[in-house]
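S.K.: Chain A is fixed; fit chain B onto it per the hints.
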Amino acid sequence: MEALQRLLSPGAGVGGGDCVAGEGSGLLLLGEPGSGKTALLFAAALVAAGEGRGPVLFVARRALQSLPAGWKAGAARDPLRLQKIHFLYPPSLRELLQLLSSMHETTAQPPSLLLLDGLHEYLAEASGPQAWAHLAALLVDTVAYFSGCLSRDCGLLVTMLSPTEAEMEAAALQLAVLQRYLPKCLWLGPEPSDLAKARPQDSGPCFRARLSTGPGCPRQEWCLSFGLDGKMAISPVTCQAAEHPPQKPETSSSS
Amino acid sequence: RHHAQPAARTALPDAGRLGGHLRAPAAAAAAAAAGSRQQEPRVAPTPPARGRQEAPTEAATQRAPHPGVGSSGGTIPEGAGGSGPRVSRPPSGLCCLGRRSRARRGSPGVRVPDKLLLALKFLFGPSAVQALDLVDRRSVTRISSPSGRTVFQVLGSSGKAYTCFTSCHYCSCPAFAFSVLRKSDSLLCKHLLATYLSLALGLCQELSGSNRQLAGLLLAEEDPDQA
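Chains as they are written, first to last, in UniProt numbering: chain A, 1 to 255; chain B, 1 to 227.
No lab work stands behind these hints: they were computed from the structure. Remember, predicted model here, so these are calculated numbers, not experimental data. Errors might be hidden in some of the hints.
[Said to hold, decoys possible] Covered stretches of chain A, as calculated for chain B (at least 3 residues, CB under 8 Å):
id, segment
1, 90 to 104
2, 145 to 156
3, 172 to 182
Every residue, glycine too, gets a C-beta built ideally from N, C-alpha and C.
Next comes chain A alone, as it looks inside the complex:
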């Protein structure tokens, strides 16, 4: 839990490294279906709501069918936390844009964290680089406005399906455009096979989270495992360059 707090709390900055400071507070969470993006996002919402720094805005295309498993217990202990998370479900790109651009007139209390689940669902409706950039820029601008109101950072966490190989060229351009606005990326991928074998058979799926904050910054890794009850556990991975080959560049690492 402490690791998660360090990982996701917007004030502390992701990872807390020097290279993260002063770069804006947006983080793009990329991963395959079922790699725990929404669970991580929801965990971040609960952590931020528990910090008592204002409400948390959770934006998604449709309502969560159920609370991610494993967090029910934690949330039930403190129902006030859930009340601080405001869920918004704009059903289309147009309505998401309208929501973001009018947040200064609709929100009574500036949130401490803005979460968007499933950016790819909205981007699918967008026509091209200009529209992708407009959505990303509007997200960053909204958060910058809230940060100005709060005189401290309002966090921004966005999840997106990692691009598939079939549409590599368009996806690479899309990712390049998005990374102009959200330079920090957390990649969720399957655990390297040699490590997966070492784990006991009865444990749940395990994923590797890699944070890239740009050139010149040390890469940080966490291990994200889901127990059979759905409980998420996060532990930092100590980088041992000798044992593991260096990771491939981001654009191809999701394959």
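M.R.: Chain B only, in chain A's frame:
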């Protein structure tokens, strides 16, 4: 002869610190924004126009006695089509850097050292001159709403208004989409560069609008009137 003076100031002057020293053009811009929003005097008039510039300058200074502080700006009339404010643009030809620096010598405008102008040209290529021209025309307007959110609108040379953010690099113009986002050829488009330059020079026009009008500008939708 070409070089105006050895650059006494090395940093871009900023409006707040300059206070009373920020002279004619900014005062005129402030007055124009506050008042009738008609044609303003250019920073770099052609030499014959220089003598005539004195009259509107003094008038402007009288109307706005504290130009540094009082860029209070106007308000957008409600029901102006919902598409946001439009700023009138004085007719003008294209300025080149040389003419600009010669004209600057006599005019009491905000001075940018030639060294910085050359650096801008080096970094941004042709966009630099175009952006400076937009700054000269006072094409950049900062629109603020009661909520405290702000957005910039730049009146392009074609007469079309583009929305620019400064919290991150975004402009709604096609050049930004093509050469910045798609091709990664340029760092910025001329409208964004003009916005940053106007901010640094304190030459933004100020307008206030309602929260709703600002939301409309942030959406940056195609305006049927402009298309």
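S.K.: Which earlier hints can't be squared with this structure?
M.R.: none
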